[in-house]
Amino acid sequence: MRLKIKLMAASFKMFIRQREAIIWTMILPLFMVFLFSFVKFDGLGHVNVGIVNHSPDSTLVNILKPIQALKISMGREDDELARLKKGERALVLVIPASFQPIGQDSLTLYLNAEKPQETQAGKLILQRALDELVFRQNHLPRHALRTELVNSRNLTYIDFLLPGIIAMSIMQSGVFGVAFGFVILKKRGILRRLLVTPMKTNDFIIAQVSTRLLVLMTQVLIMVGAGVLFFHLHFIGSIFNMIIVGLLGGVVFLSIGFALSGISKSEDQVAPLANVITLPMLMLSGVFFSRSNLPGFAHVVTDFFPLTYLADGLRSIAIEGATLTDVFPQLLGLAVWSVITLFIAVKAFRWE
Amino acid sequence: MSYVLEVSALKKRYGDLVAVDGVSFNVTRGEVFGILGPNGAGKTTTLEMIETLRPIDSGRVLLDGLDVQQEPQKVKQLIGVQLQASSFFDKLSLTELLLLFGETYGRQVDALALLDEAELRDKAKSYVVQLSGGQKQRFSIAAALVNDPVVLFLDEPTTGLDPQARRHLWGVIKRIRSEGKTIVITTHYMEEAEELCDRVAIMDRGKIVADAPPQELIRQLLAKGFKKERVERLANLEDVFLDLTGHSLRED
Chain A
0 MRLKIKLMAA SFKMFIRQRE AIIWTMILPL FMVFLFSFVK FDGLGHVNVG IVNHSPDSTL
60 VNILKPIQAL KISMGREDDE LARLKKGERA LVLVIPASFQ PIGQDSLTLY LNAEKPQETQ
120 AGKLILQRAL DELVFRQNHL PRHALRTELV NSRNLTYIDF LLPGIIAMSI MQSGVFGVAF
180 GFVILKKRGI LRRLLVTPMK TNDFIIAQVS TRLLVLMTQV LIMVGAGVLF FHLHFIGSIF
240 NMIIVGLLGG VVFLSIGFAL SGISKSEDQV APLANVITLP MLMLSGVFFS RSNLPGFAHV
300 VTDFFPLTYL ADGLRSIAIE GATLTDVFPQ LLGLAVWSVI TLFIAVKAFR WE
Chain B
0 MSYVLEVSAL KKRYGDLVAV DGVSFNVTRG EVFGILGPNG AGKTTTLEMI ETLRPIDSGR
60 VLLDGLDVQQ EPQKVKQLIG VQLQASSFFD KLSLTELLLL FGETYGRQVD ALALLDEAEL
120 RDKAKSYVVQ LSGGQKQRFS IAAALVNDPV VLFLDEPTTG LDPQARRHLW GVIKRIRSEG
180 KTIVITTHYM EEAEELCDRV AIMDRGKIVA DAPPQELIRQ LLAKGFKKER VERLANLEDV
240 FLDLTGHSLR ED
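Order-wise, the sequence lines are chains A and B. Take 0 as the starting number for the first sequence in numbering that gives the first Met the number 0 and just add one per residue. Take 0 as the starting number for the second sequence in numbering that gives the first Met the number 0 and just add one per residue.
Calculated directly from the structure, the hints in this document are not laboratory data.
Below, simulated DSSO-like cross-link-like pairs (lysine-lysine); rule was C-alpha separation at most 30 Å, straight line: (1) K180/B <-> K5/A; (2) K73/B <-> K3/A; (3) K3/A <-> K135/B; (4) K122/B <-> K186/A; (5) K223/B <-> K206/B; (6) K10/B <-> K346/A.
What follows is a list of derived Cβ distance ranges for each label pair: (7) E228/B <-> D202/A: 57 to 65 Å; (8) E19/A <-> E228/B: 55 to 63 Å; (9) L111/B <-> L213/A: 26 to 34 Å.
Note that this is a predicted model, so its numbers are computed, not measured. Note that CB positions come from ideal geometry on N, CA and C, so glycine has one too.
Isolated chain B (complex conformation) (with noise of 0.2 Å):
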């Protein structure tokens, strides 16, 4: 089996604290790979060693064989990005955006294309400030598809966003995932782990405790006695939350 991605022993200190302890996992190409973890896990600084932003302390990254440390240049043209904070300069429409950041990778993309991706053809000459900030994690995704990435990392892509808003990531999220694109990505939002991804890691302090597709580990969980106080409920909260404001996607 080849591997897209392939992490081992990775390990970042910030003086006592051990952000990152001697990480490894294996992404096969065309799967979706999610890492889990409270915050504060080292999910973050893990993907920042892997996007060539921050200095691995030691261990090793591949990206389709190159090394990340070796060649950070070759790596970048490879990858498409999502950083958990990142924001666009405020004077560009979003077409103009995507036009300059497919500049930097040497191509001339078709902006109109990839905003029918994120669902922003509507919004193509807006400036970021004006969208919702549903609208901005898309628009975020679309910039990371410029150069038609190999990997595409998404950090926390719906943190802060409410339930309409990241329904609708995920159905961004979902097409992405079926044209057969690669797909690491950071949450702690465990039903969407489990809506999303074919694989998890769940990281704590630093460490990776466990690795496998999301059935696979309820099936183990089960496996070894556990049983949950058991209160049966067709529905929960949400469910009643998005009944009375709808399913439909707003302009969000």
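Extracted from the complex, chain A is given alone in its bound form (with noise of 0.2 Å):
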């Protein structure tokens, strides 16, 4: 036992002196879901709307400026139909020479077929602009809408995002961390030294997966803390679950890495088949993105990738404040994984 929290102790302390490492696991996420706070996927936004206007008359302009959901820029109608073309324009407005705020003219709505949610949005605020011109002319009864605020919980991007980075680094430090660490630990003959001491082989094993297990924890609490402090994140989950779902995770991508570990003989075979694992499911498991947008024949297999189910437990758990029982399917799926990937790793990891 002592020799356990010995080792325990020691390869911590080699972990804390990395400083690699360090930055792998913990800044370099967090410096992502920095960069992608910059980025803006929320929402419609507004609706680019070009407005040519040959009449002296600007009652029909002064409706339509203060209308938050319209970006409108004026312009000759040569330059805003160009612009348009660009797509750089949803709607191109043009107000004919004879235009009266009362009347029966014909306007033109030059409409960009590539943005047709934007043109439709558009084309109803600007028809509704036009019949306010008609009320205002005749005060016509009309229906009111009583408007109410309620206040949402409006989850961002970040929300999505965060869990999802979470996962992506208990895969990244559990694969390639332990992937490279311990073939390097093998070529260098570190691991042959241990084996003339009657030190058992389990105690190492079992040291090296608890540190890493440790960090994984650290990992967990630092990116939820980072992310409540200064990304916004409304973390509304149990930081207890989150621990749980990742360690089941890390179990699984731990294996994975011991495995790869077992059937390389040198860091350049590590690199490409570690790649060949991760990569399609960082790109699949709904880490930056929501899965919604995939076909359904890429559902059956991404599904189930263990990534998607850490990535999904670890989110429910997050933002919706999912309980256990709640991501029971996601537990049942990383415990089905581990049971595999330990088995496999059993079997291929070796010594020398």
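Both chains come to you apart, so use the hints to assemble them.
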């Protein structure tokens, strides 16, 4: 027992002293979140409308300008149409020279065919503005909308992204950290030197695994903490549940790392193998983008990726406040993967 | 006479290659026993079978009366090993490494005393990567001494070292010898064997072709009527090199 503790202390010390490892497991994932926090993926934003006003009257333009959903630019007709073709405008409204607030003029509206959602919304708003002119003139009775503000949780892209990034860094440090670490220990004869001591090989493995799981827990805590403090993460879940799911995922990816270090002779062999395994998951497991955009056939495979279970599980807990019972499917998926990957790791791992 | 190491008819085969072909020898307590031979003679393979690192195809090794194949764990407790290409964890200091290695034997060692033995006290807080070739080898010997082993195995400890570092290492080995430790050392430097060993076995192509004290082997050769093309040389190039660059120890 004393040896186990000493081995654990030593491997933790070694990890802490390895600056690159700290950068990879803690700083880099947070830096990614920081970069992504500048990207606005949320909602439609606004509709770009170009207006070409040939008439001296500006009543219509004055009604349109305060509408927040529109981003209005005034310009010459040829210029605005050119911008429409470049995709900078969703619609271009041309007001004829003869336009009067009251009348039956025909206004021309050019629509960008590539932006059906924006043009549809823009068209409704413009038609509504024209109707407003008529109402103002005639004081007709009409139905009124009584508005009331309701605060929503208003989840942002960061809320989606951050749990995914936590899942990603658990995968990366498990697979790459262990695979590279052990191949180097093996290649440089360090493991061999340990084999001539009476130390039980399992004690060494246990020390390595527990160090890495401890690091993993720290990772989860730091990333959630940084998310709440710096990135306005709407964290409403239980950190304990996050760690439970994270640890189960950690077991899967550590096992993959051990298996890879067993079948590789050098760092050069580890890198491509580790990438072949992690890249598809990184792209298709819903770390960065929702998997709902994937075609149906892709779901057949990606639904069962361990990283999908891990990312989904962590995300439900973090932003939906899911309990461990709620994420039972994910826990089950990860448990099944743990058994499979542990089995492979035990079979493939070599000391020499 | 009690032997602390008894090797009999040891064999190891890799496919068609017979790496070790019926090797037998005995080592007495307190003796420095050298295994000499060209590269590929089977020295390292022999040593690794004795050290429990490699399965034995046939033959038997008794270490302090324990059968290496039957009781590898007990044998590991009794031996100290310096491997030919052994390295150590990167981010632990020499002191921390010695303490950790001590723990693997269930011992709480005096790391500084061990470092003194290898003349590395001033490097106590350094990492192994910061050591020179000679210092690394001396540290490797210190690490092999953490369990106060019954037999110390040194596999080509001075290969690749410059003359000063080699002489420094010899000094360390001689002191360990003077403390009465049994040492088994492999080398392909004849001079080293002559300097350090009480007895040598010469190995070639997996077999031991001679086994006797160095002076005895030389006497036997001369008795066969061997005459060396003799030029009276009172010094050789190594003497010149050491004269010019200094016998004294370098920060090696």
